[in-house]
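Below are the chains, spelled out letter by letter.
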Amino acid sequence: GAGVSQSPSNKVTEKGKDVELRCDPISGHTALYWYRQSLGQGLEFLIYFQGNSAPDKSGLPSDRFSAERTGGSVSTLTIQRTQQEDSAVYLCASSLEYYEQYFGPGTRLTVT
Amino acid sequence: AQSVTQPDIHITVSEGASLELRCNYSYGATPYLFWYVQSPGQGLQLLLKYFSGDTLVQGIKGFEAEFKRSQSSFNLRKPSVHWSDAAEYFCAVGGSRRGGADGLTFGKGTHLIIQP
Chain A
-5 GAGVSQSPSN KVTEKGKDVE LRCDPISGHT ALYWYRQSLG QGLEFLIYFQ
45 GNSAPDKSGL PSDRFSAERT GGSVSTLTIQ RTQQEDSAVY LCASSLEYYE
95 QYFGPGTRLT VT
Chain B
7 AQSVTQPDIH ITVSEGASLE LRCNYSYGAT PYLFWYVQSP GQGLQLLLKY
57 FSGDTLVQGI KGFEAEFKRS QSSFNLRKPS VHWSDAAEYF CAVGGSRRGG
107 ADGLTFGKGT HLIIQP
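So the sequence lines, in the order shown, correspond to chains A and B.
Quick note on my numbering: the first sequence kicks off at -5 and runs consecutively.
Quick note on my numbering: the second sequence kicks off at 7 and runs consecutively.
These are calculated hints, taken from the structure and not from any lab test.
Treat the hints with care, since some could be wrong.
Have a look at the derived ranges for each label pair, beta carbon to beta carbon [stated by the list, open to error]:
id, chain 1, residue 1, chain 2, residue 2, range
1, B, Ala7, A, Ser56, 17 to 27 Å
2, A, Thr70, B, Ile119, 31 to 41 Å
3, A, Leu90, B, Glu72, 21 to 31 Å
4, A, Thr104, B, Ile119, 21 to 31 Å
5, A, Gln74, B, Ser24, 48 to 58 Å
Note that CB positions come from ideal geometry on N, CA and C, so glycine has one too.
Just chain A, same shape as in the assembly:
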C-alpha cells in the first residue's frame, strides 16, 4: 500500500518568508510525528499527534514553528519568518501501533 508522503520534496525560501510543509500519513494510522534532521543536531523529535491533538508541543524549536492536523489525516508544519538555522530535512512518520513508526521521504528545506 501507499506509504507516508511528504510535499514538497525540496523547498528553497528566502530568509524571513513563511513555509508550509505537508505530510500525508499511511491511511488508518492514528499517530503522526514530525522530526527534523540536520548535520549538526542529527534527528530531533519535534511534535506528535494522536488524532488531531498534539499533547506536547515543547519539542518545537521556537514559537515560529507550529503544526496542525485535520481530519485525523493530513498534517502541516508551518515555519514563520524562516531563519538560516531552519535549513534541514523535515521528516514525517505515522504509526498505528505505538512506536512502530513509518517514515516519509522528507522535505529538504533550504533557507537562503
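Use these hints to put chain B onto chain A, whose structure you have.
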C-alpha cells in the same frame, strides 16, 4: 532523559564479511528499541524492533539485533553484507509510556561503507 550512543561514526566492511553496529542506550524504564536504515536521499526504513520477550530479534534484509539489558546495548548484526547494505544506520529508543508524546530519540548514526 533518554539517550542513544552509536560509538562508530563510520565503519568499513568488505562485501561478504560479517557486520556488527553498536548501540548503547540510556532510559529509566523498559525501553522500546529500534534500528532504522537510511539510504542517500531517502527516508528512514525500519529494520527491526524490540518491545519485549525474546532478546534476539530478527528483521528485514537478513539483519538481527540482540537486546542486552545488563549492558544497555542493542547491537545490530548481519552475517554477510552486500554492497546494497551501504547506508546510514540509526539506533533509536522510545519509552514504555502509552501516548508517544516524547517520540523517538535517535543516535547520531553509523555510516556503513562496503568495500568490494
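Going through the hints against the structure:
no.	hint	in the structure
1	B:Ala7 - A:Ser56: 17 to 27 Å	holds, 20 Å
2	A:Thr70 - B:Ile119: 31 to 41 Å	holds, 37 Å
3	A:Leu90 - B:Glu72: 21 to 31 Å	holds, 26 Å
4	A:Thr104 - B:Ile119: 21 to 31 Å	holds, 27 Å
5	A:Gln74 - B:Ser24: 48 to 58 Å	holds, 50 Å
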